[in-house]
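Please take these sequences and the hints and turn them into a complete structure.
So the protein sequences, as listed, match chains G and S.
For the first sequence, our numbering assigns the number 1 to the initial residue and increments by one for each residue that follows.
For the second sequence, our numbering assigns the number 57 to the initial residue and increments by one for each residue that follows.
Please keep in mind that the hints were generated in silico from the structure rather than gathered at the bench.
Where is the CB? At the ideal position from N, CA and C, for every residue including glycine.
You may find that some hints are simply not true.
[Unchecked claim] Pair by pair, the computed Cβ-Cβ distance ranges are:
id: 1; chain 1: S; residue 1: 93; chain 2: G; residue 2: 56; range: 19 to 27 Å
id: 2; chain 1: S; residue 1: 191; chain 2: G; residue 2: 33; range: 41 to 49 Å
id: 3; chain 1: G; residue 1: 38; chain 2: S; residue 2: 188; range: 39 to 47 Å
id: 4; chain 1: G; residue 1: 20; chain 2: S; residue 2: 145; range: 37 to 45 Å
id: 5; chain 1: S; residue 1: 190; chain 2: G; residue 2: 39; range: 35 to 43 Å
id: 6; chain 1: S; residue 1: 163; chain 2: G; residue 2: 14; range: 36 to 44 Å
id: 7; chain 1: G; residue 1: 37; chain 2: S; residue 2: 191; range: 12 to 20 Å
[What the hints assert, rightly or not] Cβ-to-Cβ under 7 Å is the rule here; a few derived chain S residues that face chain G:
id: 8; residue: 82
id: 9; residue: 83
id: 10; residue: 157
id: 11; residue: 168
[Claimed, not checked] Over the 10 Å line for every Cβ pair with chain S, so calculated as not near, a few chain G residues:
id: 12; residue: 38
id: 13; residue: 49
id: 14; residue: 51
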Amino acid sequence: MERTVAGSGTGALVPALVLAALAFAMVVIAFGMESVAPGVHDALHDFRHVIGMPCH
Amino acid sequence: MGALKESLIAGAIAGALWGWLCYLANYMSGIFPFEGSFAHNMLSFTFGGVVFGIVTSGILAVAGRFLPFRRLLYRAVFVSASVWIVLRLAGDMLSMMEPGRYHLVTPETMQGFLLALALGAILGMLLKKGEARAAGNA
Chain G
1 MERTVAGSGT GALVPALVLA ALAFAMVVIA FGMESVAPGV HDALHDFRHV IGMPCH
Chain S
57 MGALKESLIA GAIAGALWGW LCYLANYMSG IFPFEGSFAH NMLSFTFGGV VFGIVTSGIL
117 AVAGRFLPFR RLLYRAVFVS ASVWIVLRLA GDMLSMMEPG RYHLVTPETM QGFLLALALG
177 AILGMLLKKG EARAAGNA
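Below, the structure written as structure tokens:
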């Protein structure tokens with residue numbers, strides 16, 4: 001039983017971590033947060049405008 | 057939890073398709089004149105689309121069962137539109153705090169909202185297809 005619970009927890013952890021990391025990446029992309037990821041503003045500039053997010 | 061993994065994969069595929077749709081839609085509407093090259097934009101729109109697609113499908117997989125819709129398609133569209141609205145409201149706040157840095161453009165906003173609905177529709181159709189395939193194999 002303990003092994004089953006521990007196993008399912010580990011299985012859930014990786015997709016959950018991937019999801020959390022990508023949710024953060026989405027915010028960084030949406031607002032072009034250069035302080036977090038240098039270059040992200042220019043790299044995804046057109047994408048941000050096209051999907052209606054604020055930019056300069 | 058295999059369902060979440062499958063949902064994330066479907067989200068990645070839907071997101072890539074959506075990224076190309078975004079490029080095509082803006083190319084046809086001309087709302088925002090592209091500044092980057094075609095090759096650069098194909099990469100950035102694919103990458104951005106995949107990120108948005110995975111996040112949307114992940115939220116749908118985790119919270120979808122609590123939504124007041126029976127059909128998967130409606131749930132996907134609701135989640136996609138909600139994610140976009142939350143980001144856009146945060147953008148409004150940023151614009152108020154730093155008006156010189158963040159500008160809001162109404163035609164881009166309208167286009168973005170319609171594209172957010174499209175992401176949900178693509179994702180919903182892909183997930184429904186996956187469910188039908190799984191049911192067929194069972």
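Going down the list of hints, with the structure as the test:
Evaluation of the 19 to 27 Å hint for residue 93 (chain S) and residue 56 (chain G) yields a pass: the beta carbon distance comes to about 20 Å. Checked against the hint of 41 to 49 Å, the pair residue 191 (chain S) and residue 33 (chain G) passes, with Cβ atoms roughly 42 Å apart. Taking 39 to 47 Å as the suggested C-beta distance range, the pair residue 38 (chain G) and residue 188 (chain S) conforms, at roughly 44 Å. At roughly 21 Å, the beta carbons of residue 20 (chain G) and residue 145 (chain S) sit outside the given window of 37 to 45 Å.
At about 40 Å, the CB distance of residue 190 (chain S) to residue 39 (chain G) agrees with the hint of 35 to 43 Å. Against the hinted window of 36 to 44 Å, the Cβ-Cβ separation of residue 163 (chain S) and residue 14 (chain G) comes to about 40 Å, which satisfies the hint. As the Cβ distance of residue 37 (chain G) to residue 191 (chain S) is approximately 41 Å, the hint placing it in 12 to 20 Å is violated. Because the smallest distance between the Cβ of residue 82 (chain S) and any Cβ of chain G comes to about 4 Å, under 7 Å, the interface hint for this residue holds.
Below 7 Å, beta-carbon pairs count as interface contacts, and residue 83 (chain S) has none with chain G, the closest being about 9 Å; its hint is therefore violated. With its C-beta approaching chain G no nearer than about 6 Å, residue 157 (chain S) sits inside the 7 Å limit, and its interface hint holds. Hint status for residue 168 (chain S) relative to chain G: holds, with the closest Cβ pair at about 2 Å, below 7 Å. For residue 38 (chain G), the requirement that its beta carbon stay farther than 10 Å from each beta carbon of chain S is met, with the minimum near 16 Å.
For residue 49 (chain G), the condition that its CB be more than 10 Å from all CB atoms of chain S is violated, with the nearest at approximately 4 Å. With a least CB separation of 4 Å from chain S, residue 51 (chain G) falls inside the 10 Å interface cut-off, contrary to its annotation.
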